[in-house]
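Going down the list, the protein sequences come from chains E and F.
Quick note: the first sequence uses the numbering used here, first residue 266, plus one each step.
Quick note: the second sequence uses the numbering used here, first residue 804, plus one each step.
These are calculated hints, taken from the structure and not from any lab test.
Any given hint could be a false lead.
Claimed, not checked - The list that follows gives simulated cross-link-like pairs (lysine-lysine, DSSO-like), each with its CA atoms no further than 30 angstroms apart:
1) F:901 to F:958
2) F:834 to F:819
3) F:901 to F:837
4) F:997 to E:340
5) F:837 to E:340
6) F:808 to F:818
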Amino acid sequence: MATFHLTISSVGQTHFDGEARSATFPGADGEFTILPKHEPFISTLSSGTIIVRPENGETQEFSNDNGVLECSSNKVVVLL
Amino acid sequence: MANLKSIKSKILSYKKTGTVTHAMEAVSAVKMRKSQERALSMRPYARAALRMLGSVSGSIDALRHPLTQERTAGKVGIIIITSDKGLAGSLNSAVMRKTEQFILEANLSSNELAFFCLGKRGYEFALRRGFEVMHQHTNISDGIDEIEFHKITDKVIELQMSGALREVRVAYTDFRSTFEQQAAMHKILPLSQKIMEYIVKEIPPDRGKYAEMAEEINGVQSYTIEPEPEAVLAALLPKLVNVAIFHKLLESKASEHSARMVAMKNATDKAREMTQSLTRTFNKVRQAAITREVSEITSGIEAMR
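For reference, chain E alone in the conformation it holds in the complex (with noise of 0.2 angstroms):
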C-alpha cells in the first residue's frame, strides 16, 4: 500500500514521525484529506483535531491549535 512520510512536530518535541496512509486536517478553508503523492503544497492550519491513519496500527489523533503543513515529495510536515 501506497504510503508517505508524516512528522508533526511542535518545538520542544515531536508528536508523530512515521509513514501513514492517509492524514485529515482541519484547514484554513475547511477540512481537507492527504493522500501519498501529494502535490508539492503549504497551508496553514486553523484549530480542530489532526487524524493520522498510520502505515500499521491505530488511527492516531492530535489537537491541534495554528499549525503550518507542508507537503513536498511525498513527505509532510506539519509544525504545530
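Based on these hints, arrange chain F on the given structure of chain E.
Same frame as chain E, but now just chain F:
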C-alpha cells in the same frame, strides 16, 4: 600547633564536601547531555519552518510583516537568560556584563529599555539596576514545555507587533562545547533573512559530540499555497521567533549545567587536595606528639638514674 582532634574533624568535613560536589558534578553532566539533546531535537523543526518560509516568499527581507519591519520608535526589549542557582562559575555575571556593555555601547537610557527575565539571577540584576521588567519567569525546569514557554514569546511578539518595541535582543550563554561557554547577545527582532539563517545554523554546537550534524539548508521548490502566502507567513513567523528564543534558553541551560559541572569538578579536586595536605599535617602532629612523649619518658628515666 593545632591539636589532633580539630585536624581530624577538618579532614572529615573536607571529605564530606568532596563527596557532595562530586555528586553534583555527576548530576550536572547528565543534565547537560539532556539539554544538549533537547536543543538539537529542535533543529528539524527550525529547518522545516525556514524551508517553508523560503518557499512562500523567497527571502523574508522583502516581506511586509510587523515582525520584519524596522522601526525607530519604541523601546528595546532585552530577554536576559540566566540560571536560577549559583555554583556555576562566572556564567551569570558574564551574561550581565554583556548586557551592560550593550546598553553602554548603544547609549540607551533606562526608560528606553524593557526586560524579559528568564531565570532568577537576571531578574535580580534588572531590579537592582532599576530597569523595567515586563515579564519574568524564574525556576524554569529543564523539561519546560512549550505551552508554558509560549507565554513568554507570545508577549514579546505581541509587543513587537504593536510597535511598543522597536527591537528585541537576547542575552544568553552560547554553548560552544563542554568546557567552553560564552555569553552572547543577539538581535532576534525585527526578523531578517540573516537572522533566520543564523538561527538554524547555530543549533549544532561548534565542537563535540553533535558538531558533525551541521549541514546546509536545502533549496526551494514551487508549491501550491493555500489560503494565501500572507496567511502562511503570519502563522510561520511567530513560530520562528519562538524557536529562536526557545533554542537560546536550552543553550543557556546546557551551558549552565556544563559550567556547574566544571565548577564542581574543580571543587572536588580542591577538596581532595586539601584532604591530602591536612592528612599530612595530621601525621606530622601525631609524630611530633609521639616523639615528645618518648623523649619525656627517656628523660624521666635518665633523671631517675
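Could you work out which of the previously given hints the structure breaks and list their numbers from low to high?
none
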